[in-house]
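Asker: Fit chain F to the supplied structure of chain L, relying on the hints for placement.
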Amino acid sequence: MDITRLIIVAVGGQGNLLASRVIGEAALLSDVPVRMSEIHGMAQRGGVVESAIVLGDAKSTIISDGEADLLVGFEPAETLRALGKCNQGTTVITNLSPLSPFTVTTGQATYPNLQEIQNLIQAKTARLIAFDATALAKQAGNVMAVNMVLLGAMARTGILPISADSLREAVRTKTKKAFVETNLKAFELGFAAVE
Amino acid sequence: MHRLLTDEPGQKMLLLGNDAIARGALEAGLAFASTYPGTPSSEISANLFQVSRETDLYFEYSTNEKVALEVAAAAANANVRAMCMMKHVGLNVASDVLMTLAYIGVNAGMVIVVADDPFMFSSQNEQDTRYYAKLSGLPMVEPSSVAEAKEMVPYAFDLSERLGEPVIFRTTTRINHSNGIVTLGSIPPRSPKGDFAKDPFRYVCVPAVSRRLHVRLLDNLKRAQGIADESPLNTVEGGGAWGIVCNGVSYNYVADAVKALKIEDRTKRLRLGFSHPMPEALIKEFLQGCEKVLVVEEGEPYMEEGVKAFAQEAGLSLPIRGKGEDLFSRLYEFDPAMVRKGIADFFGIPCESPAPPDLSDLPEIPQRPPTLCAGCSHRATFYAVKKAAEGLDAIYPSDIGCYTLGFLPPLSMADFVVCMGASVGTSCGFSQVTDKKVISFIGDSTFFHSGIPGLVNAVFNNHNFTLVILDNGTTAMTGHQPNPGVDMEKLHLSGYGRVSIEAVVKSLGVEHVTVIKPFKVKKSIEAIRSAIEYDGVSVIISQEMCSLYAKGLKELKDRVFTISDKCKNHRNCIDDLACPAFYIQNDRVKIDPDLCWGCAVCAQICPENAILPLKKKGPGEQA
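Chain order of the listed sequences is L and F.
Read the first sequence against my numbering and you will find it ends at 248, with the numbers running on by one and no gaps.
Read the second sequence against my numbering and you will find it ends at 1383, with the numbers running on by one and no gaps.
Derived by calculation from the structure, the hints in this document are not laboratory data.
Check each hint, because a few of them may be wrong.
Claimed, not checked - Below, computed lysine-lysine pairings styled on DSS-like, alpha-carbon distance capped at 25 Å:
id: 1; chain 1: F; residue 1: K1314; chain 2: L; residue 2: K230
id: 2; chain 1: F; residue 1: K1314; chain 2: L; residue 2: K229
id: 3; chain 1: F; residue 1: K1146; chain 2: F; residue 2: K1196
id: 4; chain 1: F; residue 1: K1277; chain 2: F; residue 2: K1266
Chain F extracted, bound-state conformation:
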């Protein structure tokens, strides 16, 4: 049985934040869940996917976040409690649904979990989701700890049903990827089937209906504000004339700081857990009697702007500060010492911190950048493209996935990366205005997510570039989730369809389509060369399973490789491929048999044919 199904109310368990959110949803009677994977949210869905295989919970990996949100919105409007999970930039994709779903609302509870990533540990930007709550008019809650995350999910479902609106559940990486101790509650039975009662004047957003629904949304927002004012998620601690307003993980840093600074009794702290709409009456009351107020929040000055506006309305002119060059930054994430110093400086009290060591005499420590794995099929494809395009001054737009790592030398195969699917759209623009050869890269999952519309555009507007679809049979970067092109039988799962990328591409009207096996180096280079020479849109589909995924499925290559004494130290292998299985010992290139995957790409490019199969044994075994 899955750990998160443990039916022992009162039992304490050490859980990852994402485990706690999944458990909280099960304790809320979640019956329907959909997602597109994205760090730092992915473990929530990994858990629910597994739970769905043991219970009547419905779970799906949808094609993208927009589809996921539509799927969940329908379930919730057919009276089934639904949750949709995504990373912060995923909400950009789903925002079209979000904005008008807010007008329609929901019948059964619906929670939209959105995971922000301050500092961009694994993201392309650090946008602050709280403004989406403001933009859409939807209520939003934000936990400060792992334990609270679990407790807050059922609250969010109840709130959603009370208001008839989806609730945004906003986390940051330090909630998703922290561990804490939670106390289990009970799991009620689920109701995975519902019914939809037609009512066109509520559900069909033509202008006349939407004009009425916008009124409904604003009424709900007003009701939500009243609930926020009374909500147990908004708490005031301490007392005194110094005010601090905080949220999320900042609350933890504030709590530890006022204790360390011994000003627990001199500061009054407001923590907003129900943070949109902001609790107007509570904040105005809090400000009364404060001499000055510090707002401690990661990201944008969302609360600071609100608190300042409320103070103005209340006729208060006390200093309220948060973001500023001498205070807190809008950049990156906070840490306890930074918050402690900010509080001490603002209120003018001494702050003693242990001195970090002087590191000026440290030698240079070699970097350890993440690299494409040994035997990664992307490396083979990049190498083949590089050879096929030799002598061309080509532009290489790329996309979001493991293959983005190909931007590093020696592969240097990414010139422009914005967001999911953008490799295709930007190829259209680059090829049109530069007259240079454009060769772009997109993964299988990303192609399904949002690459297809760009390719349709390219065919219709008659652009001229080569798109390389890197089909490694899984959504690798986020932890090997399925996508519509994946063979689910390999995971021993039945009842799924399978979409052929080749059939899709051909059906769009792309005339030059070639499927290659990138571990066959010479043939791949020839096929890519022909695609590049084609005038118009050409597509290469490079098919080879992700080596990490294959390892998990126990689909190993027959043999690993070694460098024989025929080697004349040209070093094409290490210089052109930079596979992490290579190392240099006594000025000679060697292959680590524990890392070698057996792709044989290096053996095919060695000018002396000096790289030979070792013997018939799988990688990971001692050769």
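Chain L on its own, in the form it takes in the complex:
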């Protein structure tokens, strides 16, 4: 089976690890070999959380620079920071709603221009899918569902060797019962956001 490499980057608290877990569970349901790794030592203290998900016949659990097939960023500046993981064939999905780091909110640093971020990613990769996932999460009824919106977008690209229905099933069975309905709504909004 071909190997698909996915990197997800987010800021601590954005639910990146749950999104990764749902993909892993969906892979298990679909009998697709899956290995994932995560670095989340300081996640609760505002740091960056990165997950690598390797689907198919590989043994490695991490992804080298230039080798991601799909990069998903929950926050635009973090997507840009992870651009080194991409190559000219990579598809990138990014949320366009910024979460300013403390260095920016206190005026010590400036946040890069959103349009410039998109132009740069577009120029260096095969395809950029960019939209305000936070707005769609709010529309679904929970601002915390950004992860599910982006999961829906990932499903729509067809890059993952897992069907959208397997992902929906994993959302249904592996996320908290009280949130399943909102999560599925968010998933569909993300799915529909990709042309």
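Answerer: Structure of chain F alone, referenced to chain L:
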């Protein structure tokens, strides 16, 4: 029921490496476990702690790794299968026990899980635990995947019983914090009670006994070598004249690389899963027929040195390489592309990798360093110390915990950090030779772990410094584990004692001891000033619960704060405290009501008294 107690042999489950290790231990009949938390090992114990509340498994958070290992060693010598978990630097603390426990050995199986952290994602060094196996003479196993980690734990227990020695189970972060699919086995019943049969000539390490026990250890090492030679954990794949020796996660990168380079049939790969003692006969046989050999291992050249020595003994002079400026580094962790290129270069074949993009035209991306949380009590204490010590040229030794993050500006409250407990010992030395004021910081859990002996030393040798004990009621950095000072009733757990830090400090003979509430800014500054002025050892105990922990316990502050129009933009709040709840909008400081914890520290330092309570609602709610 806890997920890891699922009794469905054959069922597949997606598990974190640390979950898989805990499950493997349960499938091995683990009955006794002890630990001191440390990333990347902590989830193993978090799981076992929860499992112990539902079953007859005994689990404890011990005061430090040395105590944890002693506790487990006694259990295993009283015939109860025991496991002890720690991070790599924890084994330094436990090494005194380790070295002589190897002489005594164990009766029931005992596994010591040690989690290395190449690249130091959350550690102060990247020491390679494999040398501890060599130093102590204990057998060591190392998994390459999450699934194998689960399978290897029962193997390690059986090996331990076969040899009568504890077995070191070495992982790296990419095993502990990777997820993979494992197939569940069955969980046998546990035997949590045992008995100890006295035998002073085996268990009492006086010199005459130890001289005999060292012979026993070397005999065991020889037996272990024979077992390693036959072990299914040491595998040879492929064939051909190019040899590759690998271990742990490097095995994965090698496997993916030879496939991508299409040299699976031209390379013979030896993977060592039972890596101390190294399988001598197997390695010598492997080397026969190889033209050249590449050793792929993260960290130190542990296997490379061994393989080269075996080649010398076997009279072989083929090139054997591993670490070197043109090859693999001793620094940080490996990745698949790095290993692929190393293999291609060494064997002289082409290697095509996708070109990473040119990033030279990227704008500067603002850093997102981890910071102390909004409402963190450490920030309040640091601020008060800074104010109390204004005008003094003070040295600030600090310690291992969340508060190490206080080294960043604007707090800048850490000048020297080495290891657990070292804030106190180094304060003794700094104050003695510099004649500067020394003010040091240590957390509650770290104080119990290894801060107390340093404080005893300070009292006895009459040193002159102020120790600030940051008591936030939990072991915060590693995920809010209990420590001896924690109120276990808050976790609805009974049957625990509780040790008062104040009583301990006073009992050691410290004469100037003050307990402060750091959210009361003015009083705290006054108390700290008095402690600093004291000539001798003074201790401040700063008590305020970790805000993240309090949130988990639903112990919220009454109200959040906002900045009123009395604000004249002095910005003391944001410049001196740098609380992440502040932000600047249209050149004015604002407070994010979703982040504000309600500590009220900023309200107390605002020169215009412009920061006011919003209304009686907890944080996290829309104000």
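Asker: Keeping to a limit of 25 Å between CA atoms, is the pair of K1277 of chain F and K1266 of chain F held or broken?
Answerer: Holds, because 18 Å separates the two Cα atoms, which is no more than 25 Å.
Asker: Is it true that the CA of K1314 of chain F sits at most 25 Å from the CA of K230 of chain L?
Answerer: Holds, at about 21 Å.
Asker: CA of K1146 of chain F to CA of K1196 of chain F, is that 25 Å or under?
Answerer: With a Cα-Cα distance of about 15 Å, the restraint between K1146 of chain F and K1196 of chain F holds, given a limit of 25 Å.
Asker: Keeping to a limit of 25 Å between CA atoms, is the pair of K1314 of chain F and K229 of chain L held or broken?
Answerer: At roughly 20 Å apart (the allowed maximum being 25 Å), K229 of chain L and K1314 of chain F satisfy the hint.
In terms of the numbered hints stated before, the structure departs from none.
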